[in-house]
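Given the coordinates of chain A, work out where chains B and C should sit on it, guided by the hints.
Residue numbers (my numbering), protein chains in the order written: chain A, 1 to 423; chain B, 424 to 710; chain C, 711 to 1002.
Rather than coming from a laboratory, the hints here were simulated on the basis of the structure.
Every value quoted in this text rests on a predicted model; they were computed, and no experiment measured them.
Glycine included, each C-beta is placed from N, C-alpha and C at the ideal position.
Some hints could be false.
Below, in silico cross-link-like pairs of lysine-lysine (PhoX-like), each with a Cα-Cα straight-line distance of 25 Å or less [stated by the list, open to error]: (1) B:Lys619 <-> A:Lys56; (2) C:Lys996 <-> A:Lys215; (3) B:Lys434 <-> C:Lys897; (4) B:Lys626 <-> C:Lys996; (5) A:Lys56 <-> B:Lys486; (6) A:Lys238 <-> C:Lys946; (7) C:Lys996 <-> B:Lys429; (8) B:Lys653 <-> A:Lys325; (9) B:Lys533 <-> C:Lys996; (10) A:Lys301 <-> A:Lys367; (11) B:Lys654 <-> A:Lys62; (12) B:Lys533 <-> C:Lys775; (13) B:Lys619 <-> C:Lys946; (14) C:Lys721 <-> B:Lys429; (15) C:Lys775 <-> A:Lys396.
Covered stretches of chain C, as calculated for chain B (at least 3 residues, CB under 8 Å) [to be verified]: (16) 861-867; (17) 958-966; (18) 980-994.
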Amino acid sequence: MKKAIALMLALVMTLALAACGGGSGSGGGSSKPAGETLTIFNSKMEIQSQMEEMAKQYSETKGVPVEVYYSSDTVAAHMATKYASNDPYAIAMVDAKDVYSLGAEHAADLSGEQWVGDTTQAISVDGKVLGFPVCVEARGVIYNADAIKAVTGKDFDPESIKTTADFQALINDLIAGGMAAPTGVMKEDWSLAAHFLAEVYELQDDPDAFIAGIKDGSIKLADDEVYNALMDTFDVLKENNYAKDAAISAERELTEQKLAEGEIAFMFGGNWDWDVINAYDYSENMGMMPVPSALSSANTKLVGGGSKYFYVDNGVSEELQQKAKDFLNWLVYEADGQDFLVNQCNLVPAYSNITLAVGNPLGSSVKAYADKGALIGNYNYLPDDHYAKCGAIFQKYLAGQIDRAGLAEEITAYWATAEVGAH
Amino acid sequence: MTENEKAARQKKIAHVIMWIVLLVLFICFIAPFFLVVINVFKTKADTTSNPLALIGAHGFTMKNFPDAMKKMNFWTVFGNSAIITVSSTILTIAVSSMAAFVIVRNQRWKFCTFIFSLMIASMVIPFQVLMVPLVSVYGGTLGVLNHRLTLILMHVGFSVSMAMFMFHGAIRTNIPLELEEAATIDGCSRWQTYWKIVFPLLKPTVATVAIINAMAYWNDYLLPSLVLTKKELYTIPIATQAFYGTYSTDIGLVMAALLLAMLPILILYVFLQRYIVQGVTAGAVKG
Amino acid sequence: MKQNTLSYKVKQYLMFAGPGTILFFCVVIIPFIYGVYLTFTSWDGVSATKPWVGLTNYAAAFADKDYWAALGRTAIYSVFAVVLINVLSFFLAYLVTSGVKGQNFFRSGFFVPNLIGGIVLGYVWKFVFNRAFVALGSAISGGTAPSILSTPSGAMLALIIVSVWQYAGYMMLIYVAGFMSVSEDVKEASSIDGCTASQTMWNVTVPLMRASFVQCLFLSITRCFVVYDVNLSLTKGEPFGSSVMAAMHVYNQAFTYKNYGLGQAEALILFLVCAIVGVTQVMIGKRGEVEA
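Next up, chain A with everything else stripped away, as it sits in the complex (with noise of 0.2 Å):
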């Protein structure tokens, strides 16, 4: 027992010199460029690889230290834990709701860069300019032409549809067809609050008299006509999705497989599926398409805009703040950064010198819509607990358990105590 002793306390010793050694020696990186750490906070898991990649180039031709880091925590908390060791990112990638939130406190003013003027979707807080949109991401329905093609026989000309009962008519079709169940729907709070709710908002003429006529009582939600035209499409999304019985137990993955491989034709969503789709076996023909509704003034517009935004950090050295301005300078101006953006990372570029095409085809649906000023841009200031509770009553809608008064009344009743985020 005493050799056993003796033996674990030589390892305790060795192994707390090792973390001792370990831990200080971060500095002494052989082949790293001098110089701070560019270091960037990616808050968008699926260009995480490509992000890493980038880094190891950027640090290599540039010769300034580049290092990502992504969390799955939320982007707030783990901001929050951020700043509570003070040890902010040079860059952080954000939602647009966040950079209105730590903006005044934590962005450095980026109103003198270049780029400001050759974007329409850079964040301004009290006129300075904090937020640079990073992509630009819009919300309508996926379609699968070739799959709509093999039942109808004829193309799919998504023009075709503007109405809902347009889009009913082709579902008939399809289900006639043969095809059993045309759609999918996702369950999740995000895609149901954050994404399709947030349209009634957002097609409205002036949201914010909107939603301040909502929690005063002077509209009623449920006599809206923006409110029942989005919702009578998404009845007929509801009533022929695949997973009808078990919505809120469909899994995205296989639905977006479903749609990818032609299983269905139709669903709700915004062009960064296509990292979910472009694992599978996917169909050539597909691309986005306004939500069908009588909305005559939305029908043939995707919703949408700037999404994720780059703020530099104001914390940071002077000379490092330079550094992080020069990168993204770099994503829009050169060469190897613009290939990053849109080549790498499938993104649809923000800003109207970059003309590269997009390579995946719910991109180039989304740039299309965006070179002709067809999208409705969003409504960034909804409140934080927005997606997830109306997303839980939205789910309640769902599974068929409230109907659509009862949804309207139950969205009113969160309005009742909720408030918008200054803006």
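Okay, now just chains B and C, sitting in the frame of chain A:
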């Protein structure tokens, strides 16, 4: 004789029944792993479309393993995890068994009761409560994050109460005071008494505490992710977090990483189990 | 005698328990006190200013209906999970110490679920419930079978199943140590005195294992009350927010909804509830032990 034979046969039948019950329960416990193992050798498309098939339509693939290993930088993070787990476990056992010893032997002293109650109560604190204050103090104020030693000491600090609790029970019920008195009469100091007489008798509890803590450290994600934010210090759970996100999960990579990470701790368990089994069977007083 | 002087006791204490106590205070108590301070502020989690708001957060916590619903749900879940975990693990421990063939192998098998971290475990089970069972059910019924995660009670059941699966092997280990620590002599003596096997079990072995029961109950109660990882990866609070447990609500309140002070206050209430239940249980257990 016939009485004995009858008893022996009854015992045999009882054992067979028990064995069958065990087998059924065992299959229930292990079934999810079976599913993990069959799906880790499939492509993502096959896993999604037909999770129950033994071999997918796209055939057998080993691809998930090298992919996962490359993405998580396997050997580096494996080394980090090993150093941290081993050191933290050994330190926890030493520190908490000693603490339990002194607390058990001073039960009448109010101060010890107070510390004991405080530690017990602290076991209930949800970690999320401490998370931000912890990094504010050690990162913001003291700046000692990003050292393995910091994480090791924090691990010990967080688990000392529970380990102490387990040693407390073991010392109180299984270590007779007479033994120590005898040792003192033989001229042992308290320190010697503890390490030569008491600690060896705690072997089963040591093994239990070791496996429970080693496992917790090996799998811990939240604390290491707060303390070690530099890539070269990452542990296995931090390195694999990119396999699952808010919006999607690459279940093939998750499963491959799971199997890779599970192996060492499984071996450790099988090894330590012998000590747990040995127990203090014959009774300490006799020896 | 010198052993009873205070300075001797303090010296002994510092020598044996000093390192543990210091580490414990550094990483648990100090951050905890700071955390309590934060409950009196309206900090959002990221800003540099932490405005003092007094008891406002506590008032808001008591008025937060979702929080109390989550707490009630957690209590229900805990009752079921704790009872099932302990019954199953005691039973398992009994079986694997009874001398059947291959008991070491079984012991390892039951323990295996613990070798995985909570988050990954949740994903694996989600895969089992949503894919494997659904694929199985669909193959049998011919349609798309619903997953048990799609109804509130089903999601609750799933959480309980996974918790039992996860902790039964762990608690089994403690019960095994308990069984092992009851010396054979005592059991022999009781059987010589004419006790049957089951009488020995209930009248001799079980009372001597009281420490194991107290430990296992305490551990399972406290773990169930603060369940988070499995909750997050298995159900994420769905469907309809019906499976949001207290810890998850607290986490969302503090970080997702950015009411850090309120979240912290709610966490503190959760802590108090849990501490009262856990410590009461230990006290009752200890009192009984003295009597026995």
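Hint check:
Between the alpha carbons of Lys619 of chain B and Lys56 of chain A the distance comes to roughly 55 Å, so the proposed pair goes past 25 Å and is violated. This hinted pair does not check out: Lys996 of chain C and Lys215 of chain A have alpha carbons roughly 56 Å apart, beyond 25 Å. Between the alpha carbons of Lys434 of chain B and Lys897 of chain C the distance comes to roughly 17 Å, so the proposed pair stays at or under 25 Å and holds. Among the hinted pairs, Lys626 of chain B with Lys996 of chain C is consistent with the structure: their alpha-carbon atoms are about 24 Å apart, no more than 25 Å.
Our distance criterion of 25 Å between C-alpha atoms is met by Lys56 of chain A and Lys486 of chain B, whose separation comes to about 24 Å. Pair hint Lys238 of chain A plus Lys946 of chain C holds up; C-alpha atoms about 22 Å apart against a cutoff of 25 Å. Note on Lys996 of chain C and Lys429 of chain B: the hinted pairing is violated, with a Cα-Cα distance of about 42 Å set against a maximum of 25 Å. Of the pairs offered as hints, the one joining Lys653 of chain B and Lys325 of chain A holds, with about 23 Å between alpha carbons and a cut-off of 25 Å not exceeded.
Taking the CA atoms of Lys533 of chain B and Lys996 of chain C, the gap is near 17 Å; set against the 25 Å cutoff, the hint holds. For the suggested pair Lys301 of chain A and Lys367 of chain A, the alpha carbons sit about 12 Å apart, so the restraint of at most 25 Å is met. Annotation: proposed proximity of Lys654 of chain B to Lys62 of chain A holds, straight-line Cα distance about 21 Å (limit 25 Å). Simply put, Lys533 of chain B and Lys775 of chain C have alpha-carbon atoms about 41 Å apart, too far for the 25 Å limit, and the pair is violated.
The straight-line distance between the Cα atoms of Lys619 of chain B and Lys946 of chain C is roughly 50 Å, outside the 25 Å bound, and the hint therefore fails. Restraint check: the Cα-Cα separation between Lys721 of chain C and Lys429 of chain B comes to about 61 Å, which exceeds 25 Å; the hinted pair is violated. Simply put, Lys775 of chain C and Lys396 of chain A have alpha-carbon atoms about 19 Å apart, close enough for the 25 Å limit, and the pair holds. By the rule of at least three residues with a Cβ nearer than 8 Å to a Cβ of chain B, the coverage given for the stretch 861-867 of chain C is violated, with 0 such residues.
Closer than 8 Å: that is the beta-carbon criterion, and the stretch 958-966 of chain C has 3 residues meeting it against chain B, so the requirement of 3 holds. Coverage of a stretch by a chain is defined here by at least three residues with a beta carbon nearer than 8 Å to that chain's beta carbons; for the stretch 980-994 of chain C and chain B the count is 7, and the condition holds.
Hint compliance for this structure: hints 1, 2, 7, 12, 13, 14 and 16 are broken, all remaining hints hold.
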